[in-house]
Amino acid sequence: MSGVFLHHAALTFGRTTRHALREPAWAFVFPAVLPLALVAIITQVFGVMIALPGYGTDQLVDFATPGLVFVSAMMGGGFAAGRLVTDATNGYLDRLRLLPTSPAAALAGLLAFEAARAVPIAALLLVVGALLGAPLESPAAVALVLALVALWSAAWNALFLVAGLRTRSAEITQALLPLFLPFMFTSSIWVPHTAMPGYIRELAERNPLDLLTVAARPLLLDGHLAAGRLAVAAGVATGILVVLAWIASHQLAHLVTAD
Amino acid sequence: MSQAAALHPGAFGFARTAWLAFRREELRARRRFAMAWVFPLVPPVVTVTLFADLTGSVARLPAFPDPSYFDWLAAGAVLLPGMMGAGFTAVGLAEDLRGGFADRLRLLGASPAAVTLGRMGFDAARVLPAAALVLLVSVLQAEDVHPSVAGTASLLLLAAVWAMAWNVLFHLVARLSASPQAPQALLPLFAPVTFLSTVWLPAELMPRWAERLAEANPLSAVVEAARQWTTGDVDPAVVAGGIATIALWSAVLVVALAAVERRRR
Numbered sequence: 001m002s003g004v005f006l007h008h009a010a011l012t013f014g015r016t017t018r019h020a021l022r023e024p025a026w027a028f029v030f031p032a033v034l035p036l037a038l039v040a041i042i043t044q045v046f047g048v049m050i051a052l053p054g055y056g057t058d059q060l061v062d063f064a065t066p067g068l069v070f071v072s073a074m075m076g077g078g079f080a081a082g083r084l085v086t087d088a089t090n091g092y093l094d095r096l097r098l099l100p101t102s103p104a105a106a107l108a109g110l111l112a113f114e115a116a117r118a119v120p121i122a123a124l125l126l127v128v129g130a131l132l133g134a135p136l137e138s139p140a141a142v143a144l145v146l147a148l149v150a151l152w153s154a155a156w157n158a159l160f161l162v163a164g165l166r167t168r169s170a171e172i173t174q175a176l177l178p179l180f181l182p183f184m185f186t187s188s189i190w191v192p193h194t195a196m197p198g199y200i201r202e203l204a205e206r207n208p209l210d211l212l213t214v215a216a217r218p219l220l221l222d223g224h225l226a227a228g229r230l231a232v233a234a235g236v237a238t239g240i241l242v243v244l245a246w247i248a249s250h251q252l253a254h255l256v257t258a259d
Numbered sequence: 001m002s003q004a005a006a007l008h009p010g011a012f013g014f015a016r017t018a019w020l021a022f023r024r025e026e027l028r029a030r031r032r033f034a035m036a037w038v039f040p041l042v043p044p045v046v047t048v049t050l051f052a053d054l055t056g057s058v059a060r061l062p063a064f065p066d067p068s069y070f071d072w073l074a075a076g077a078v079l080l081p082g083m084m085g086a087g088f089t090a091v092g093l094a095e096d097l098r099g100g101f102a103d104r105l106r107l108l109g110a111s112p113a114a115v116t117l118g119r120m121g122f123d124a125a126r127v128l129p130a131a132a133l134v135l136l137v138s139v140l141q142a143e144d145v146h147p148s149v150a151g152t153a154s155l156l157l158l159a160a161v162w163a164m165a166w167n168v169l170f171h172l173v174a175r176l177s178a179s180p181q182a183p184q185a186l187l188p189l190f191a192p193v194t195f196l197s198t199v200w201l202p203a204e205l206m207p208r209w210a211e212r213l214a215e216a217n218p219l220s221a222v223v224e225a226a227r228q229w230t231t232g233d234v235d236p237a238v239v240a241g242g243i244a245t246i247a248l249w250s251a252v253l254v255v256a257l258a259a260v261e262r263r264r265r
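The listed protein sequences derive, respectively, from chains A and B.
Those letters in the first sequence? Residues 1 to 259, by our numbering.
Those letters in the second sequence? Residues 1 to 265, by our numbering.
Quick caveat, the hints were computed from the structure, so don't treat them as lab data.
C-beta atoms are modelled at their ideal positions from N, C-alpha and C, and glycine is treated no differently.
Treat the hints with care, since some could be wrong.
[To be verified] What follows is a list of derived Cβ distance ranges for each label pair: (1) A:Arg166 with B:Leu107: 53 to 59 Å; (2) A:Arg168 with B:Val139: 38 to 44 Å; (3) A:Ala51 with B:Ala11: 29 to 35 Å; (4) A:Gly223 with B:Val139: 46 to 52 Å; (5) B:Asp233 with A:Glu202: 54 to 60 Å; (6) B:Val255 with A:Asp58: 45 to 51 Å; (7) A:Arg168 with B:Glu26: 36 to 42 Å; (8) A:Asn90 with B:Arg106: 48 to 54 Å.
[What the hints assert, rightly or not] Per the computed footprint, the stretches of chain B lying under chain A, defined by three or more beta-carbons under 8 Å from a beta-carbon of chain A, are: (9) 136-146; (10) 194-202.
[As the list claims (entries may be wrong)] Here are some chain B residues pointing at chain A (derived, C-beta under 10 Å): (11) Phe33; (12) Leu50; (13) Ala244.
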């Protein structure tokens, strides 16, 4: 990877960060408030569910927090994609055509921004979870899970970039926002596999969010490194990221180089 | 809008201005379909299908009052579209304040009350398809939810009126801030307000602190009113309590909104 590529990616990262600071509602408030409500309120209100068989933890907040950090990366999805669509429609990408800038570098900067944006929000959720009693004792485990959150955020947001570049509609990127809901409700974040209805259990087995949750839960709660599960979860997230980033990169290159 | 006010003074001019404001929001919603139509529809439908199915085992707990979780959730679910998709016209208001359109309306004599009513009327109307769909899904999944025709109409009317009342808060924030970001940032407020109410669970099953908050939450009174029609066992006092709660909520916020509007003028 050349220094020029990294420099251009860093410039895109900085530009997107400045946009995010000017639009904090979509960039930071929306993705932070809902997950915080899930961790701080819903795990308490639905705490009675821990009496049902299959949980294996003392409180619902212990059980749910490891999965909710990944949901937080999904809840604010599409910010960078929305910016890219705006760039495609207001002439900014035309200006890029005149400059020796690689579309892949611009895309890498956008995805890096999305990866970085998710980390402080996820860290805040872990702090709130710990304050409510979730036993998060290993800093190394927390760091590893935050790295997974960043990877998952980039992968999830690559989907929004593909959709945004395909349609060039900021509305589409916003309309995809609630897509996190079916993923969350077909995973074991709230309910253990054994207590799920059959069809949801089958969906959970194919849900990347569930793979991440199942890998992160023992790591965060017991410091137990389930290496196999972790490798599968990281591999699936990386695979999704690579495939979608490759598609988005081609779409963007086509957009920038088209006559 | 202004021409309507100038050519048709009085009640007719007021109604005409409100209708034009409604139509303008409807046209804006075609361009911004995500916030206008997707947000009020998708999350509530996913909630009454996947979420209710996933957490349905909570109905097996000894203190749970209904035969299934769908039966409990039906009443509150009808009110969710108005909350999960709130703020659409408030964002439009903030954009108008910032872009100067609101000043033009003022100079041309359009009644601010009529414009606000038209906007909020659209907020009420756009949640109706979602509320109807959520109610239909609930009826199909629940064991004992069979609202009559009058009960269904009452539930949908309640959903629309509550959507208007909830959106007054967003209009107030938009007026105070004149920033489209502010009402958007307020959208997740539905989460703490609904989860600390009796939408999702009976208060008795919550921890003590949450139970107290749920009992004091105005939304709980509205949900209990809705529950009268989903169960078919209507207690007029509970319905009146829900309606009075909406009226009080709206009155307080409308007075505040009018005060902010007067200060601006």
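Hint check:
{"no.": "1", "hint": "A:Arg166 with B:Leu107: 53 to 59 Å", "in the structure": "violated (43 Å)"}
{"no.": "2", "hint": "A:Arg168 with B:Val139: 38 to 44 Å", "in the structure": "holds (40 Å)"}
{"no.": "3", "hint": "A:Ala51 with B:Ala11: 29 to 35 Å", "in the structure": "violated (59 Å)"}
{"no.": "4", "hint": "A:Gly223 with B:Val139: 46 to 52 Å", "in the structure": "holds (48 Å)"}
{"no.": "5", "hint": "B:Asp233 with A:Glu202: 54 to 60 Å", "in the structure": "violated (38 Å)"}
{"no.": "6", "hint": "B:Val255 with A:Asp58: 45 to 51 Å", "in the structure": "holds (47 Å)"}
{"no.": "7", "hint": "A:Arg168 with B:Glu26: 36 to 42 Å", "in the structure": "violated (24 Å)"}
{"no.": "8", "hint": "A:Asn90 with B:Arg106: 48 to 54 Å", "in the structure": "violated (30 Å)"}
{"no.": "9", "hint": "136-146", "in the structure": "violated (count 0)"}
{"no.": "10", "hint": "194-202", "in the structure": "holds (count 4)"}
{"no.": "11", "hint": "Phe33", "in the structure": "holds (6 Å)"}
{"no.": "12", "hint": "Leu50", "in the structure": "holds (4 Å)"}
{"no.": "13", "hint": "Ala244", "in the structure": "violated (26 Å)"}
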